[in-house]
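Here the protein sequences line up with chains A and B, keeping their order.
When you line the first sequence up against the numbering used here, it's residues 710 to 798, in that order.
When you line the second sequence up against the numbering used here, it's residues 100 to 551, in that order.
Hints are not guaranteed to be accurate.
FRET-style restraints, in silico, Cβ to Cβ [said to hold, decoys possible]: (1) A:D778 x B:D309: 44 to 50 Å; (2) A:G781 x B:G516: 30 to 36 Å; (3) B:D309 x A:D758: 34 to 40 Å.
Source of the hints: derived by calculation from the structure; they are not laboratory data.
Note that CB positions come from ideal geometry on N, CA and C, so glycine has one too.
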Amino acid sequence: MRAIVSVVGKDSVGILAEVSRECAAHNANILDVTQSVMQDMFTMIMLVDIADISSDFASISSNLEKLGDKIGMKIHVMHEDIFNSMHRI
Amino acid sequence: MINTGDILETINMIDNEHLDVRTITMGISLLDCADDDITRSAEKVYDKVTKKAENLVATGEYIEKTYGIPIINKRVSVTPIAMLTAASGGNPIKYAQALEKAAKTLGINFIGGYSALVQKGFSAGDLSLIESIPEALSVTDHVCSSVNIGSTKAGINMDAVALMGKIVKKTAEATADRNCIGAAKLVVFCNAPEDNPFMAGAFHGVGEPDCVINVGVSGPGVVRSAVSKCPDGDLSEIADIIKKTAFKVTRMGQLVGSVASEMLGVSFGIVDLSLAPTPAVGDSVAHILEEMGLEICGTHGTTAALALLNDAVKKGGVMASSHVGGLSGAFIPVSEDAGMIDAARRGDLTIEKLEAMTAVCSVGLDMIIIPGCTSPDTISAIIADEAAIGMVNSKTTAVRVIPAIGRNAGEELEFGGLLGCGPIMPVRNNRSSSKFISRGGRIPAPLQSLKN
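Chain A on its own, in the form it takes in the complex:
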């Protein structure tokens, strides 16, 4: 099972490091990362393999959301199928 982690907010030092560390702590494997900074707004999308995570989906998702609150970013963790079904025919 693969999930999309999206991170949006004001750019600062160490966002990628913080999010990656949280993923590693749950044994979630990062497969792909894309990021951009436009006018100080940082946007990062990660494709993450969560098939072998050490906890369940709810806890990785809520921990990442909490991390987002801590570093001032909006973080969402969502199953990739939602995007595949909405945007691909």
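Put chain B on the given structure of chain A with help from the hints.
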């Protein structure tokens, strides 16, 4: 990997534009619960509903968390209870109590199917069920009731129409101490669909499988936002934008329905392609019409704008889903739509205009609060008018009006939650329809019913 723009678009729809799945509704057949002893029959109903739907709420919550999509309601619809009453006899209130108890055990939001289908006449169980509706809806909180009084094939049962005017009024009176909430849980239908996931009109039709999952999507805020990005486009462009948006919204419903049916081990019925508003700001069907260029919902041009919207929603949604059903289209429940509440308060949206709008949208006169002094015959006449529109146009129409007992036009009722609030709208109380209603009998099925 998936396009970043697409990902951010979806997240924005959910976070800022109120995109959600309005309901996952499990339809459960109760035909095998029929028993000649009503107590035993009601026990079987409770047992079957709580067994079949025991994981419904947990599954809904799991999908919400995993896919990041809010699922607002988890509901159950059952076989019209009048059919069980036909077999068991007795006071059907026992079934209402069994359904209420099951709803509380399961933690679901509503349970629908305290219903009777009488478009051509009353059979055993129908009359006693209909007469018990006011009490059933006053002693329960989760049970919803509907009565189908007409169809394109059968015509309109005017005896049932006359009866339902009285029942609507009595239901409001029985819950007068709770803002007449009972009447908000009662719908009178023409051409009722058998796979509708939306309340208060959901019931599980006899042609349906034993157990099935139906999904109702929503998204007026998403459509309004998409239309607002095209301020100067012509109406062909607007229709295209709505179709594309409806496609995306419906695909989400299709995904949620298929995951839920797989997890629950129940077949997937239909997606109801709907634009269902909520009283929240930014989640209004009226505001879409206003975004198209109307100063306020209810002014001239509203029916045309709604026709375009309703058609585009279906065209966009139909390709996104494997099976489409239910009511499918834009809903116009006055008290549940911030834009309509506003237009009704200002007097720009009237019952007559709403009646015209129902000829081109998916349901009917929905969540309209009328003066408490409105006579049962006038309510019956409103039902007859609405049923005639449905019968002649081969579409579903419905009436869910709430007589505000002890109050008059200009005052307001507050239901809270998704049912919202609204002003009491004036009705032509000063002119009688009583003679017409008291004639009874049936309005014959129209020529368009003869398609064979």
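- Message: Can you tell me whether the CB distance of A:D778 to B:D309 sits inside 44 to 50 Å?
- Response: 46 Å Cβ-Cβ, so the 44 to 50 Å window holds.
- Can the suggested window of 30 to 36 Å be confirmed for the beta-carbon pair A:G781 and B:G516? 33 Å, holds
- Do the beta carbons of B:D309 and A:D758 sit within 34 to 40 Å of each other? 38 Å, holds
Checked against the numbered hints given earlier, the structure satisfies every one of them.
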